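Residue numbers (UniProt numbering), protein chains in the order written: chain H, 1 to 480; chain P, 1 to 730.
Derived by calculation from the structure, the hints in this document are not laboratory data.
Among the hints, erroneous ones may be present.
Here are the computed lysine-lysine pairs in the DSSO-like style, where the Cα-Cα straight-line distance is at most 30 Å [as the list claims (entries may be wrong)]:
1. P:130 / H:256
2. H:235 / H:217
3. P:699 / P:722
4. P:99 / H:261
5. P:381 / H:141
6. P:197 / H:354
7. H:261 / P:229
8. H:295 / H:91
9. P:373 / H:311
10. H:254 / H:288
11. H:261 / P:197
12. H:261 / P:222
13. P:536 / P:699
14. P:180 / P:132
15. P:699 / P:262
16. H:311 / P:27
17. P:381 / P:395
18. P:221 / H:256
19. P:262 / P:132
20. H:256 / P:222
21. P:381 / P:133
22. H:261 / P:380
23. P:229 / P:130
24. H:311 / P:350
25. P:234 / H:261
Values in this document were obtained by computation on a predicted structure and should not be read as measured data.
As a plain string of letters, each chain reads:
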Amino acid sequence: TIYFLSKTLAKPNVKNIVLVDGVRTPFLLSGTSYSDLMPHDLGRGALQGLLNRTGVPKEIVDHIIYGIVIQEVKTSNVAREAALGAGFSDKTPAHTVTMACISSNQAMTSAVGLIAAGQCDVVVAGGVEFMSDVPIRHSRKMRKTMLSLNKAKTLGQRLSLLGSIRMGHLMPELPAVAEFSTAESMGHSADRLAAAFGVTRVEQDEYALRSHRLAKKAQDEGLLSDIISFQVPGKNIISADNGIRPTSMEQMGKLKPAFVKPHGTVTAANSSFLTDGASAVLIMSEEKALALGYKPKAYLRDFVYVSQDPKDQLLLGPTYATPKVLEKSGLTMEDIDVFEFHEAFAGQIVANLKAMDSDWFAQNCMGRKSKVGVPPMEKFNTWGGSLSLGHPFAATGCRLVTTVAHRLQKEGGQYGVVAACAAGGQVFLPKYTYAQLARADTEYSRGATVQVFLVHSFGLFSVHVLCMKMTMCKSVQKHF
Amino acid sequence: EGSSRTHVSYEIKDDVAIIRINDPNSKVNTLSVQLQQEMTEVMNEVLGNEAVKSAVLISSKPGCFIAGADINMIQACGTAEKVSSLSSEGQKMFERVEKSPIPIVAAINGSCLGGGLEFAIACRYRIATKNKKTVLGTPEVMLGLLPGAGGTQRLPKMVGLPSAFDMMLTGRNIRADKAKKMGLVDQLVDTLGPGLKGPEERTIEYLEEVAVGVARGLADKKVPMTKTKSTMEKIQEYVMGFEFVRNQVYKTVNNKVMKQTKGLYPAPMKIIECVKAGIEQGPDAGYLAESQNFGKLAMTSESRALIGLYHGQVACKKNRFGVPDREVKTLAILGAGLMGAGIAQVTVDKGVNTILKDTTVEGLSRGQQQVYKGLNDRVKKRSLTSFERDSILSKLTGQLDYGGFEKADMVVEAVFEDLNIKHAVLKEVEAVIPPHCIFATNTSALPIKDIAAASKRPDKVIGMHYFSPVDKMQLLEIITTDKTSRDTTASAVAVGLKQGKVIIVVGDGPGFYTTRCLAPMLAEAVRVLQEGVDPKKLDTLTTGFGFPVGAATLADEVGIDVAAHVAEDLGKAFGSRFGGGNVELLKTMVEKGFKGRKSGKGCYIYQPGLKRKDINPEIEEILERFKMTPHPTVSSDSDVQYRLVTRFVNEAVLCLQEGILNNPVEGDIGAVFGLGFPPCLGGPFRYVDSFGADKIVEKMRRFEDVYGNQFTPCQLLLDHAKDPSKRFHK
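Use the sequences and the hints to build the structure in full.
Here it is as structure tokens:
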């Protein structure tokens, strides 16, 4: 016990912050049962589910932070719309954050910051992504004409503006396929990354198949207890994820590359698919949680954000961030019991694992003396991952953290690490760095100090990948 | 294996032979005698091995597949026959590649030029990386040659007649993505970032892996050979099937070439001839025409001149002053005019922190706009992404004060050409810059020592004469005074090289080298105008001699005010020798606002959006006022041309005689790249060598009888005239 106490990782003069509980809606392939909803509907579902499961009194919630990537323009502060609809108090402020695939991680770490700074005691964080509908706009030319039309005073002016409309004006502006800064789609980048690390098609397909099989197993064994049922308004009740489809290597091998043709290795089957879904967590200061009589699931300790070159290292964040966070807390790879890494692409995960196992990469790209070391696979994403469960961009972060807490409880571990790569258009300079990591601790359920690290990395992402992924999604459905 | 081969090696992976090229003695691979010999041996072994079902041809050098044939090998031949046989040997080697029973795949990363491209297009399939360094092209025409190893025969079949002509007649480089669209390459491969190895190494490896897969696929017939053609391609092919259409194409291309070259460059005509022979009379006639014309072209003075320029350019891209003590990381520019902004543009895009200072918001805004436009044009041409543009521009600081100058490693001033203003600026700057900072002055005529006279540390003062437009003109003339330190010079050259310039370093004096050569020619041009030759005719005469821009147009481009200024300054310095036309004529034009293109009117009228230019009608009245009577003995078209050229040439030779120039190579490069001296003549010094100093002196003596000392040949020219064994170039 003394040993564990000495390793609680509590910091002097910093409040202990805990994860009380976390929930999510079932994650569905976009274009399926959720297709007629709006983003805030799903967010509402997750928030209401959290209220029901934790029974937290609405009036004590100090703040709500929600993440989203693809913004619905009608609900630009989706946090507020979802919270009001879910029955939270209209006196509770809510704000929306965005940071690509790690948007809900940003929501959680913002919550941690508010509590640590003494501004709040009880914060709800979460995220939603709704890919069944994306903003498709009029062309810039058409928008300009329409805006001028608003200002036109006379009929003559209006007619002349209308007369200026040409065929070209009518072409809609789809979310572009290319990344804003590098003009490269994320799938294409993943394919190049896989090639850079010599990751084969077979390795990728094998990893993807593993993800689906483990997810299926977890689903069958009822381990995915963070899911709350969601009643689609006016329709049926949804209680399970629908993207888990373990097939065979043969079937997966039949798919053609989705991005780099004809010799690429990233296919629809070894990439995460377009997903609709929402998640939410309840975060409190430890003393508040205890005072309210809760038995928190984990301590959230620390976090690191890192950022790299958006072209060649877009998806390598986990490799950079993991050792940073471990060193920060005086732990090693061996101390970690549970690893939950976001699976954007099977090729990206395998490339990260290879990077972590490479002295060359550590010395030449990370300025380290030796390699980071690879997480043992028996501790790695053992309940499936984004490849199989789905990846509603801004909802994934909370799923990862809640899963770590649940796995630590179930498997009897002490420390856990979460890592996710993301992308984001807001970076102007090609190279810069933050890193995020949080730790949880399940002392309450197990009587020993257990900690979760939330590791996170930050590269570049944009809206534009979506179109590409939609086609991917279609081909997934075709081939499975 | 175990052989003594050094340039070509191969490895057999299962049933695929991987042939790797790597010249151990050079940064690039060239088709040298050694390489060709080894390649023939390797081909014999590979084709003789029954286990090999396909092959991949790849270079182990990052950034270069094969950069072309070895120029020295061609130059060493001596006779047209020997060069022709060199060409037919190349043709045979590539014919063997083309007709090989097993598929050969060319895997291209880096430059694939000239003979390298001919090798690649003889292969069955081409895969290229999307590397920025991957360029394909047939630059032979720029050396006065033609693609002599089957290029004139295979290219038209591969990319169609119009594209093939475009490639071979312009010699331009084609990027991988464009090459794919044209059908010049079959497949593209991405460049990779760092992985378990360095990016370059891994990219080549990846290219090889993909190529091996394709080679195997071709052998197994899993990868289709027949390309799907677009409708446009099909239409083009159909149309080209008609003889009268092809004849029309030949005629059009012929006319275009004649118009552009004025018949001064034989290579383009020969290229057309070879293509035509192959298509109209069959491959035997085509290959024969190609090898014979290749031999003939190699012996022409034009080819020698162009190859000389190529070597000169390579020499002027080196820093003969060594590595400077300190790298210039922050460069400040004074004056955001055309020049200042141009210098900023070529500096900031190399990652150097650039400060652009002007005295007014309007001037600064115009200058920054110019830099933005320059970069944005590259975005439009897709050689830069908008993100890269913004990232580059973030290193540019526009300002009105001297803030940040304390961090500057070099200051380039591009303010008005007035000694007093330059002195004032120099003193202001020296008060704020750190001790190591170099002060470079961008002047086209003021002696650097006069400017440096106001400096507290003349060893850090140097001249950097850029040419307008800075982003297009390749030349940079660096001027050192007796006091300029070697390190200062080394640093200025290093900055210039970073900016992508071809550099000549010359001694100080009025007009240095370039302006000094140009001034007497412009003085003569003014006299020619005064003698009743109109600007259009003057332009025709000069371009007819090989100048890319006519003398009247050049004056408009340079600016009539600048020309007047220079003529007056240099007139004072050199006296009557720089006379000829009346400076008052230029001054009158300036007074009337005819300052050249920038003011919309000069010798011609310039209207935005209009390419055609008419003679400025108001200038005729001025010309009338300064009219002189031409001397019938020296006023034939040819005499007018030689009057202009001999004054230029004589002044260049005098610069060498006086030590302004360090060597004739820099003299030729400066004249061609800075002033547009006819490239087909190779520069004034090569021209003296090839035309004969005695003949030039003879002509000058004849003009001297009429016009006096403006045509007196200098001593060095006389020495060369007296002794024909004396030559400026070996």
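Each hint, compared with the structure:
1. Restraint check: the Cα-Cα separation between residue 130 (chain P) and residue 256 (chain H) comes to about 22 Å, which is no more than 30 Å; the hinted pair holds.
2. With a C-alpha separation of about 28 Å, the suggested pair residue 235 (chain H) and residue 217 (chain H) falls inside the 30 Å cut-off, and the hint holds.
3. Note on residue 699 (chain P) and residue 722 (chain P): the hinted pairing holds, with a Cα-Cα distance of about 15 Å set against a maximum of 30 Å.
4. The suggested pairing of residue 99 (chain P) with residue 261 (chain H) holds, with an alpha-carbon distance near 29 Å, which does not exceed 30 Å.
5. About 22 Å separates the Cα atoms of residue 381 (chain P) and residue 141 (chain H), which keeps this hinted pair within 30 Å; it holds.
6. Between the alpha carbons of residue 197 (chain P) and residue 354 (chain H) the distance comes to roughly 12 Å, so the proposed pair stays at or under 30 Å and holds.
7. A distance of roughly 18 Å separates the Cα atoms of residue 261 (chain H) and residue 229 (chain P); the hinted pair therefore holds under the 30 Å criterion.
8. Taking the CA atoms of residue 295 (chain H) and residue 91 (chain H), the gap is about 27 Å. The hint holds against a cut of 30 Å.
9. In summary, the hint linking residue 373 (chain P) to residue 311 (chain H) is supported, as the alpha carbons are separated by about 25 Å, within the 30 Å threshold.
10. The straight-line distance between the Cα atoms of residue 254 (chain H) and residue 288 (chain H) is roughly 55 Å, outside the 30 Å bound, and the hint therefore fails.
11. At most 30 Å may separate the alpha-carbon atoms for a hinted pair to count; residue 261 (chain H) and residue 197 (chain P) meet this at roughly 24 Å.
12. Of the pairs offered as hints, the one joining residue 261 (chain H) and residue 222 (chain P) holds, with about 15 Å between alpha carbons and a cut-off of 30 Å not exceeded.
13. As the CA atoms of residue 536 (chain P) and residue 699 (chain P) are separated by approximately 25 Å, the hinted pair is consistent with the 30 Å bound.
14. Under the criterion of a C-alpha separation no larger than 30 Å, the hint pairing residue 180 (chain P) with residue 132 (chain P) is consistent with the structure, at around 14 Å.
15. Under the criterion of a C-alpha separation no larger than 30 Å, the hint pairing residue 699 (chain P) with residue 262 (chain P) is consistent with the structure, at around 23 Å.
16. Distance restraint check for residue 311 (chain H) and residue 27 (chain P): the Cα-Cα separation of roughly 28 Å lies within the 30 Å cut-off, and the hinted pair is therefore satisfied.
17. Proximity of residue 381 (chain P) to residue 395 (chain P) is assessed by CA-CA distance (about 22 Å); at most 30 Å being required, the pair is judged to hold.
18. Pair hint residue 221 (chain P) plus residue 256 (chain H) holds up; C-alpha atoms about 19 Å apart against a cutoff of 30 Å.
19. Straight-line distance between C-alpha atoms of residue 262 (chain P) and residue 132 (chain P) comes to about 35 Å, which puts the hinted pair past the 30 Å bound.
20. Restraint check: the Cα-Cα separation between residue 256 (chain H) and residue 222 (chain P) comes to about 15 Å, which is no more than 30 Å; the hinted pair holds.
21. Distance restraint check for residue 381 (chain P) and residue 133 (chain P): the Cα-Cα separation of roughly 16 Å lies within the 30 Å cut-off, and the hinted pair is therefore satisfied.
22. Between residue 261 (chain H) and residue 380 (chain P) the alpha-carbon distance is near 26 Å, which keeps this suggested pair within the 30 Å criterion.
23. The straight-line distance between the Cα atoms of residue 229 (chain P) and residue 130 (chain P) is roughly 22 Å, inside the 30 Å bound, and the hint therefore holds.
24. Taken as a hint, the residue 311 (chain H) and residue 350 (chain P) pair is honoured in the structure, with Cα atoms around 19 Å apart against an allowance of 30 Å.
25. Simply put, residue 234 (chain P) and residue 261 (chain H) have alpha-carbon atoms about 24 Å apart, close enough for the 30 Å limit, and the pair holds.
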